[in-house]
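Protein chains in written order, with full-length UniProt numbering: chain A, 1 to 358; chain B, 1 to 358.
One should not assume that every hint holds.
Just so you know, same-sequence chains aren't split out, so a pair can sit in one copy or run between any two.
[Claimed, not checked] Using 35 Å as the maximum straight-line C-alpha spacing, the simulated DSBU-like pairs for lysine-lysine come out as follows:
| # | residue 1 | residue 2 |
| --- | --- | --- |
| 1 | 263 | 358 |
| 2 | 11 | 341 |
| 3 | 267 | 51 |
| 4 | 278 | 341 |
The hints are simulated quantities; they were obtained by calculation from the structure and are not laboratory data.
There are 2 protein chains.
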Amino acid sequence: MREEYIRPWEKNIRSVVPYVPGEQPREKDVIKLNTNENPFPPAPGVEKVLKNMDTDSLRLYPDPTIGLLVEEIAKFYQVEKEQVFVGVGSDDVLAMAYLTFFNSDKPILFPDITYSFYPVWCDLYRIPYETPALDEEFRLVKEDYYKDNGGIIIANPNAPTSIYESISTIEDIVAHNTNSVVIIDEAYIDFAGESALSLIDKYDNLLVVQTFSKSRSMAGMRIGFAMGNKKLIKALNDVKYSFNSYTLNQAAILAGVEAIKDKQYFKEGINKLIEIRKEAEKSLKELGFDFPASGANFLFVTHKTIPAKKLYEVLKENNIYVRYFDLPRISNYLRVTIGSKEQMDKLFEFLNQYINNK
Amino acid sequence: MREEYIRPWEKNIRSVVPYVPGEQPREKDVIKLNTNENPFPPAPGVEKVLKNMDTDSLRLYPDPTIGLLVEEIAKFYQVEKEQVFVGVGSDDVLAMAYLTFFNSDKPILFPDITYSFYPVWCDLYRIPYETPALDEEFRLVKEDYYKDNGGIIIANPNAPTSIYESISTIEDIVAHNTNSVVIIDEAYIDFAGESALSLIDKYDNLLVVQTFSKSRSMAGMRIGFAMGNKKLIKALNDVKYSFNSYTLNQAAILAGVEAIKDKQYFKEGINKLIEIRKEAEKSLKELGFDFPASGANFLFVTHKTIPAKKLYEVLKENNIYVRYFDLPRISNYLRVTIGSKEQMDKLFEFLNQYINNK
């Protein structure tokens with residue numbers, strides 16, 4: 001009989017609940033609407049700059065200040081470059097922000113239904129937390145955040161609900177919490193409305209986090225960034241430099257600059273995506289789906305008769321991947337990424353046939 | 001009179017001593033021998049694969065398992081792919097290893113003179129540590145590590161001393177500490193001798209960390225990796241997935257595969273570098289320098305009459321950058337990276353003139 005002996009060093013391993021990323025099927029004929037990737041390619045300048053990259057210079061460390069990209073982001077958002085922090089995707093930026101700012105003994109606050117990494121980082125860094133419930137319609141109850149806390153993080157638009165809360169709701173929360181750092185995670189903001197960026201000069205405790213993964217079609221390059229007052233950004237950079245001075249590689253820096261420079265391509269892409277989202281909303285309604293108004297590049301849908309889990313499985317069998325969360329309150333919903341026109345046509349072709357033949 | 005008011009949220013900022021990376025002069029005519037970069041370009045396959053990269057696919061997340069690169073590393077080192085963990089440079093891998101394995105209340109151990117990030121990560125994660133002194137010749141005193149501890153990390157070859165300790169010394173330390181995780185940080189091993197990799201099947205508490213930044217000329221791409229038994233690697237992956245599932249970008253994965261595939265280019269590059277190092281040792285001796293035998297792509301030199309700090313400054317004034325550490329015991333030493341033949345010729349041209357005219 002084999003005995004499983006636990007070695008002493010194993011007892012000191014940090015225990016975490018591993019995050020399960022969305023399925024990444026590698027087959028080519030899959031309709032992949034499960035990880036909120038953008039259906040359009042990055043700005044044309046990205047291809048050009050990568051093809052012309054001086055690969056010999058890869059022998060050198062990249063610029064630890066990520067200067068070129070920080071400057072271009074600052075220019076785009078009309079802030080100072082000391083107000084911009086860049087990391088390896090917004091997950092990296094957010095985790096770094098947790099480590100930097102959430103060091104109180106008081107719990108940090110975030111909604112019960114939101115991005116699944118928020119509690120995971122708390123566990124990882126042993127940060128206490130509380131999760132006030134969203135209301136029945138998945139809306140933020142701002143008064144729940146008017147109490148003593150060690151920090152606040154709110155995704156706006158929220159994931160996976162897709163709901164965008166108005167800037168005045170966000171401002172109320174920030175204004176009621178000037179004693180702690182409030183992080184607004186705006187991964188999907190470009191598909192929604194006004195960013196909390198307009199508030200960073202008024203509130204020095206506000207950190208706004210965004211990403212190149214969604215509206216800039218660069219999930220594969222891993223670029224996220226934070227904007228806030230200079231003290232917040234300096235604190236983030238201090239922790240970053242103490243952790244790993246050289247994070248973004250040379251290719252990501254160059255590609256990022258090109259992606260953010262091309263304002264017209266950016267705007268057109270967003271408009272095209274919102275157009276496809278509108279059509280999808282119409283088709284879904286006709287098929288008996290219900291969903292909140294989306295401020296994101298995905299829809300959070302529930303069907304009046306077909307259980308979400310069943311639908312998820314049937315779609316998957318037909319090579320259409322959407323996201324299903326087997327979690328309290330949302331287990332009858334699917335998160336469906338807005339894909340290209342062609343992908344959505346195939347989705348609806350299947351749904352029409354499946355639902356109308358039931 | 002202006003009063004500096006400390007806001008309540010500022011009190012919860014994690015305080016760190018920021019690491020100061022080596023100077024990164026951007027002027028083109030600088031002889032840069034200060035950050036241990038490789039003078040040769042990456043393997044030719046790297047340029048090719050980046051030029052042919054499908055940039056449209058950057059809209060998609062990279063493979064979170066970094067499968068292609070993990071497999072290629074496993075193949076190169078003849079280990080199983082479950083024995084390989086990949087991160088954003090070895091700093092990322094090491095910091096993740098600290099967070100994963102060093103969770104005891106007992107202090108972790110590392111030498112007093114070693115890589116400057118080791119104590120910084122301890123401060124960041126609030127890990128207690130002790131730093132047994134290297135002997136007068138900067139050699140490891142292995143008996144200092146035969147005591148109760150929460151983990152051990154040893155750079156071999158060590159930085160900034162360049163000294164390689166024999167595999168039997170390393171094995172003695174690992175064998176005396178089977179109750180804690182022992183990390184051997186082998187950033188420079190390919191310029192030295194046998195890797196501790198040969199011991200990972202014998203000792204399940206041994207983690208070997210290496211990098212693409214030195215011997216594979218890819219500092220600009222940020223790729224580091226760890227090898228060890230499957231339990232150690234799984235624990236690292238669990239923490240990674242809980243932190244940021246998608247770390248290496250698409251470009252780094254593809255470039256990494258090409259860099260490790262080209263065995264011949266790799267070997268030739270190392271041989272060429274060791275050849276230049278031999279010549280440099282000869283020239284330095286003639287100029288009155290002393291230094292330990294190097295197992296790295298740099299030399300750790302002291303001059304019999306000229307103070308290191310003075311020399312550092314004079315070299316810098318002449319656009320030659322080397323590394324000076326204003327630290328106890330090593331403040332009369334310079335760390336000089338082995339550059340290209342041309343760079344070294346210019347260094348010695350200057351040194352000959354400067355020292356002989358004094």
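Now for the hints, and whether the structure bears them out:
1. 263 to 358: Classified as neither: same-chain Cα gap 46 Å, cross-chain 59 Å, threshold 35 Å.
2. 11 to 341: Neither: 52 Å inside a chain and 50 Å across chains, both beyond 35 Å.
3. 267 to 51: Classified as both; 24 Å inside a copy, 28 Å across copies.
4. 278 to 341: For residue 278 and residue 341, the Cα distance is within 35 Å only inside one copy (11 Å; across copies 63 Å).
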